[in-house]
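K.L.:
So you can see what is in the structure, the chains are spelled out below.
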Amino acid sequence: MTVQDPNSFRTGPDEDGRFGQFGGRFVAETLMPLILDLEKAWDDAKTDRSFKTEMENLWRYYVGRPSPLYLASRLTEHLGGAKIYMKRDELNHTGAHKINNVLGQILLARRMGKTRIIAETGAGQHGVATATVCAKFGLKCVVFMGATDVERQKPNVFRMKLLGAEVVPVTSGRSTLKDAMNEALRDWVTNVEDTFYCIGTVAGPHPYPAMVRDFQSIIGWEAKSQIKHAEGRMPDVLIACIGGGSNAMGLFHPFLDEADVKMIGVEAGGKGVDTDEHAASLMGGRPGVLHGNRTYLLQDDDGQIVEAHSISAGLDYPGIGPEHAWLKEAERVEYVSIKDDEALEAFKLCCEMEGIIPALEPAHALAHVMKIAPTMDKKDVIVLNMCGRGDKDIFTVAEALGTEI
Amino acid sequence: MSRIQQRFAKLKDENRAAFVSFVMAGDPKPDTFAKLLKGLPAAGVDIIEVGMPFTDPMADGPAIQLAGQRAIAAGQTLKGTLDAIATFRKGDDETPIVLMGYYNPIFNHGVEAFLKDAKEAGVDGLIVVDLPPEEDAELCLPARAAGLDFIRLATPTTDEARLPAVLKNTSGFVYYVSITGITGAGSADTGAVEAAMARIKAKTDLPVVVGFGVKTPEQGAELAKVADGVVVGSAIIDTIAGRLDRKGGPKVGLIKNVTAFVKSLADAVHSARG
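For the record, the sequence lines run as chains V and E.
For the first sequence, position 83 matches number 923 in the numbering used here, and the numbering has no gaps at all.
For the second sequence, position 207 matches number 264 in the numbering used here, and the numbering has no gaps at all.
None of these hints come from the bench; they were simulated from the model.
We put the CB at the ideal spot given by N, CA and C, even for glycine.
Careful: at least some of the hints might be erroneous.
As the list claims (entries may be wrong) - Cβ-to-Cβ under 8 Å is the rule here; a few derived chain E residues that face chain V:
#, residue
1, Asp113
2, Ile129
3, Ala131
4, Thr237
5, Gly238
6, Ser244
7, Thr247
8, Glu251
9, Met254
10, Leu301
Unchecked claim - Restraint ranges, calculated between C-beta atoms of paired labels, are given here:
#, chain 1, residue 1, chain 2, residue 2, range
11, V, Glu1174, E, Asn226, 50 to 56 Å
12, E, Asp262, V, Glu991, 35 to 41 Å
13, V, Lys976, E, Asp216, 43 to 49 Å
14, V, Asn1031, E, Ala202, 33 to 39 Å
15, V, Asn1031, E, Lys258, 54 to 60 Å
16, E, Thr273, V, Asp1116, 43 to 49 Å
17, E, Asn314, V, Ile1234, 52 to 58 Å
18, V, Gly978, E, Gly167, 39 to 45 Å
19, E, Ser321, V, Gln861, 27 to 33 Å
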């Protein structure tokens, strides 16, 4: 299905939280009043100058924004085509883009008088960012993490504990990210008075997808002015990896109405989209309803959600933000997939060529850059979102390469 | 009159509260479930809620989560659930059956096809946890048009301002969730439930049943004094879970055991108003 071209791609969602048929508010009645409260608080905050100022100060002095836009010159030369710029969000405090959103949500939680923060996490990056900001503001923090992920992401579990968070290993369902999100929702439905649910990606019931996108859009706004400064024009291609899709949405959104800027979202193809082991919801899934929104989901013939697979725990989610689902059907953004072994190759190349150890998530985006950059003109410009650093992944990579640390 | 209306009218004549039981379709095995379902009316169940298994039941506690997982592992599908109800209907044309679950399996089946199939199977009403009034256009309104009741949950967070929206398109009965929390957790406070009943009854003529956190015949009897009906789910499921062998199959006597527990609950609810 192709959605009719709107005048602007940047006006969504509508008042029901829909991006076309996607999004919405599919939650239990107990949560509905809380979600309406949150929407109201967010509407108030986003037009409040003091809220914006406080956030900008924290971004600057606590997170280290703006993140640089860096010309990866050796990689560019090696691939022999388009110029490759990296938006260096891996240099943020806590090592990924996740903190951009967490800061915004925690400031909002404080405005709403909430004293207890809950979050779900897969790889642990969102959990670490949430634990970090909670420590800074003296808020109680509880992070739900699939028991399987607790096992394979031990350094991040320890970090969260150092930061004073309680990490709850989730053993329900299949003990992964989607189950952690179920458990966070179950906690929220139980602790309605004092608790704020800090969702880590552009998914969940309205207003989360739009709110998280707005917080992450700082990536795109900075990139827009930085590329103008560096090249005197808009880039030809933006590329970002997609699990839930928050770093991609943050980079893409400010550019959506720049008709000449092509955008590519890279899903985790695992062992291949034609196998049962991948996390490519858009490429290999179909529309359904989970975790409060309608979007593309990996599911079986009977509408049961199936497990995602990726070498990168951060992309290991069977759904995707609803705005991405809409942008796919509107054909504004192109979505592709990259397999585990291709991401590993890109990971190694980035280490060797640029002295940057990337997270396995953006390594997927880089793997696609390796495919298209050589086919492009030397005057063309690609901006890749280097959304996280790879320290957390060295054990996974060592195992995949058959090396003992 | 629908089966649900007839049932509540009969109960009103007898000055009894309704005993509503929840069981998960296909749990622990499809054939055991079919036998269990068949025996519920004789054990005193007035309305049967049949859970539609889903991998991600975000409003359910461990008991019902595991029941759904057992059912899915045993091969239960949405079609299988509707078939089981159609079979039940051949022997019982009076006991109302309400399907309870989450939206994705229904959406995946196709809303129109689902409503047609459910109606034909003999389903009377639907409770879909993740469809609040804000999403009425998805299933609630088409269900009403197809002649199926859409039973809404009201909760302790549903305040005065919101209550009319919750009640607006509700039919059959209203299901009051007695606690903020998931199924099987916590315990309802009778005083708070009584206040909530008064609040809801002031705004609707529909019967109001209460559920979540009701575990024993004693609790059931307490609530039967203040509500039009009492729902028990997790406690029944726990009885099933306690009678499984190592492979997850039913031990001898499971149905007898579960049915006896259901009867103790039903008797307590029915005799509560003396």
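K.L.:
Kindly indicate which numbered hints from before are broken by the structure, ordering the numbers from low to high.
P.N.:
Those not satisfied are hints 3, 6, 7, 8, 9, 10, 11, 12, 13, 15, 18 and 19.
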